[in-house]
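Asks: Chain by chain, the residues:
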Amino acid sequence: MSIDHSFKLKRVFYGLCGLVRNLNYLDKECNSFSDTLMTNLRITLNIKLIFISLNMKAKIGIINVSDRASKGIYEDLPGKAVISTLKEYLVSEWEYEYAVIPDEQNLLEQKMIEMADEKKCCLIITTGGTGPARRDVTPEATEAVCQKMMPGFGELMRMESLKFVPTAILSRQTAGVRNQSLIINLPGKPKAIRECLDAVFPAVPYCIDLIEGPFLITDENVIKAFRPKNK
Amino acid sequence: MSIDHSFKLKRVFYGLCGLVRNLNYLDKECNSFSDTLMTNLRITLNIKLIFISLNMKAKIGIINVSDRASKGIYEDLPGKAVISTLKEYLVSEWEYEYAVIPDEQNLLEQKMIEMADEKKCCLIITTGGTGPARRDVTPEATEAVCQKMMPGFGELMRMESLKFVPTAILSRQTAGVRNQSLIINLPGKPKAIRECLDAVFPAVPYCIDLIEGPFLITDENVIKAFRPKNK
Amino acid sequence: MSIDHSFKLKRVFYGLCGLVRNLNYLDKECNSFSDTLMTNLRITLNIKLIFISLNMKAKIGIINVSDRASKGIYEDLPGKAVISTLKEYLVSEWEYEYAVIPDEQNLLEQKMIEMADEKKCCLIITTGGTGPARRDVTPEATEAVCQKMMPGFGELMRMESLKFVPTAILSRQTAGVRNQSLIINLPGKPKAIRECLDAVFPAVPYCIDLIEGPFLITDENVIKAFRPKNK
Numbered sequence: 000m001s002i003d004h005s006f007k008l009k010r011v012f013y014g015l016c017g018l019v020r021n022l023n024y025l026d027k028e029c030n031s032f033s034d035t036l037m038t039n040l041r042i043t044l045n046i047k048l049i050f051i052s053l054n055m056k057a058k059i060g061i062i063n064v065s066d067r068a069s070k071g072i073y074e075d076l077p078g079k080a081v082i083s084t085l086k087e088y089l090v091s092e093w094e095y096e097y098a099v100i101p102d103e104q105n106l107l108e109q110k111m112i113e114m115a116d117e118k119k120c121c122l123i124i125t126t127g128g129t130g131p132a133r134r135d136v137t138p139e140a141t142e143a144v145c146q147k148m149m150p151g152f153g154e155l156m157r158m159e160s161l162k163f164v165p166t167a168i169l170s171r172q173t174a175g176v177r178n179q180s181l182i183i184n185l186p187g188k189p190k191a192i193r194e195c196l197d198a199v200f201p202a203v204p205y206c207i208d209l210i211e212g213p214f215l216i217t218d219e220n221v222i223k224a225f226r227p228k229n230k
Numbered sequence: 000m001s002i003d004h005s006f007k008l009k010r011v012f013y014g015l016c017g018l019v020r021n022l023n024y025l026d027k028e029c030n031s032f033s034d035t036l037m038t039n040l041r042i043t044l045n046i047k048l049i050f051i052s053l054n055m056k057a058k059i060g061i062i063n064v065s066d067r068a069s070k071g072i073y074e075d076l077p078g079k080a081v082i083s084t085l086k087e088y089l090v091s092e093w094e095y096e097y098a099v100i101p102d103e104q105n106l107l108e109q110k111m112i113e114m115a116d117e118k119k120c121c122l123i124i125t126t127g128g129t130g131p132a133r134r135d136v137t138p139e140a141t142e143a144v145c146q147k148m149m150p151g152f153g154e155l156m157r158m159e160s161l162k163f164v165p166t167a168i169l170s171r172q173t174a175g176v177r178n179q180s181l182i183i184n185l186p187g188k189p190k191a192i193r194e195c196l197d198a199v200f201p202a203v204p205y206c207i208d209l210i211e212g213p214f215l216i217t218d219e220n221v222i223k224a225f226r227p228k229n230k
Numbered sequence: 000m001s002i003d004h005s006f007k008l009k010r011v012f013y014g015l016c017g018l019v020r021n022l023n024y025l026d027k028e029c030n031s032f033s034d035t036l037m038t039n040l041r042i043t044l045n046i047k048l049i050f051i052s053l054n055m056k057a058k059i060g061i062i063n064v065s066d067r068a069s070k071g072i073y074e075d076l077p078g079k080a081v082i083s084t085l086k087e088y089l090v091s092e093w094e095y096e097y098a099v100i101p102d103e104q105n106l107l108e109q110k111m112i113e114m115a116d117e118k119k120c121c122l123i124i125t126t127g128g129t130g131p132a133r134r135d136v137t138p139e140a141t142e143a144v145c146q147k148m149m150p151g152f153g154e155l156m157r158m159e160s161l162k163f164v165p166t167a168i169l170s171r172q173t174a175g176v177r178n179q180s181l182i183i184n185l186p187g188k189p190k191a192i193r194e195c196l197d198a199v200f201p202a203v204p205y206c207i208d209l210i211e212g213p214f215l216i217t218d219e220n221v222i223k224a225f226r227p228k229n230k
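Residue numbers (numbering that gives the first Met the number 0), protein chains in the order written: chain A, 0 to 230; chain B, 0 to 230; chain C, 0 to 230.
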């Protein structure tokens, strides 16, 4: 799809989003509105939104932060775990940017900035580097590049991991927003990656709506995204 | 009540508070103290404290942070929800300072500073502006004006809201202390406001004791404030 | 034990640690390795590690932060509570550095730096000074001296204390890492100290492994330390 075409689709898409919002607003304000009319309008608009969002590929950045994986000593299992999980989750179209880099704060910051500002990733997921060891700097890099921190992600992921291991409190993983990108730190172990993603992903599509990113649609049989009605 | 009179009452009040603390201390140190004497002294002092606190009106600041409410597009429901909830909670006398302002960090900071330093509000409650969207800056403004942050409030409110919606982790709401004012961020939706206040308010009166504010008394049938014994 | 001797033991110890890690790695990579051989090697190495760690005394710093205790008005119960709890927990050898200081941020920072950098304490535990009152500055001092903050400790301790009192959210206690020292804030009340230590200590020995400190061994009948297998 050419850039021009995608740009036009995006404008149509946001126009429709606005219409849906206005309908919700009108619905609340005027009790005189016909219920059947409203319902029909909503269904039509939502179908169009889904149709268009399927044509707008979301870009997701995945960064495996690991000294050993970046040298090829370890196989890059965390990155593969994130990709296969997202493939299960998402039914709307998406593509990924990918990187394996060592635990160096400035390299990680550069990579996150590039994925957010140049590659326009709406979601950037890091794996590894969240522990207390000397080389673990992923949370510091995340905080350095984000304008807003989102402590609820780290709290929930630790609470979830605590069900399995008491050392979950050693993970310093966090999340934040840089411009129109949501950045989430995950642990390095494939099993813990899945547990953490399962815990927080239901809130991710709505978060990306709020930062004006693409409309992500999940497979409800795998993970149920939640979007509040009548904001 | 004139300022002079209120000031004298406040001194008497703090003197009595000190006496109660000393009694608790003596009680712990000297086993020779008569139980009945102690109990009588305590009851008398507590009755006096309650009597005096009823004469000292607590000031509570309420700030609805909302671009749309400040322009009159939306009705100011969050502010009304906070006031009606506090009316149910508190039996000691209180009055409120009120403001509706747009999501502008410097305006919000000014308003919080004014309510804390000039209006002497012991408690300042904000609603809205805690999400990840570009215009949401309430937590940033709160952190900028507070000397101490209190992460436990945000953690508990998110944990509570998670029982209802998975998007609770998107709320970045926090709390902190500026001089003798406790500042608490609440979400913007009336239903969530009540849920969050119900969760944290049991700890609020004792927190205000610790920062040397007025003695708040709650209606125990609605919400049970907790004050540890024998600190 | 002379410094030279201790230094050599430490080198042997870390060499053995490396061997155990390599064995785990080999085990994962090569399926051709004999199971029995591996198991025997592991048991031998772990016995040696335990033997050596018993000869390397861990140093633990304990700081009671309290205006009143530092003036001798109160008996130093919090410090005693920490020491007696650690005596129950640890079977590997340890000794403590001890201090009672007033709630002064710069004094507390100096003491933490001294215990971390000069006395080489692998673990520094503070008690008190974590509330919202004007003189409570322990979390601020901790954040000022640490390179990495560990929010999971404070979250879990507050969650645990919330089971007993709703005012648990007023505790701003945190934890962090300065060089090779883990610093943990505890509340000031002996009962709460035990509750908090019971909650977080299972993760402490592995955390100290990760920051390259001594190998702590707990009495599993009292508290079960957790170390993940096959990192």
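Mixed in with the good hints, there may be bad ones.
Since the list gives no way to pick one copy over another, a pair counts as held whenever it fits inside one copy or between any two copies.
[Claimed, not checked] In silico lysine-lysine, DSSO-like type, Cα no more than 27 Å apart, as pairs: (1) 70 x 228; (2) 162 x 118; (3) 162 x 70; (4) 118 x 86; (5) 228 x 188; (6) 190 x 223; (7) 223 x 70; (8) 190 x 228; (9) 70 x 56; (10) 118 x 228; (11) 56 x 162; (12) 119 x 162; (13) 223 x 188; (14) 162 x 58; (15) 162 x 223; (16) 162 x 190; (17) 118 x 79.
Everything labelled a hint here was simulated from the structure, so no lab data went into it.
Asks: Which of the numbered hints are not met once you compare them with the structure shown?
Replies: 2, 3, 7, 9, 10, 11, 12, 14
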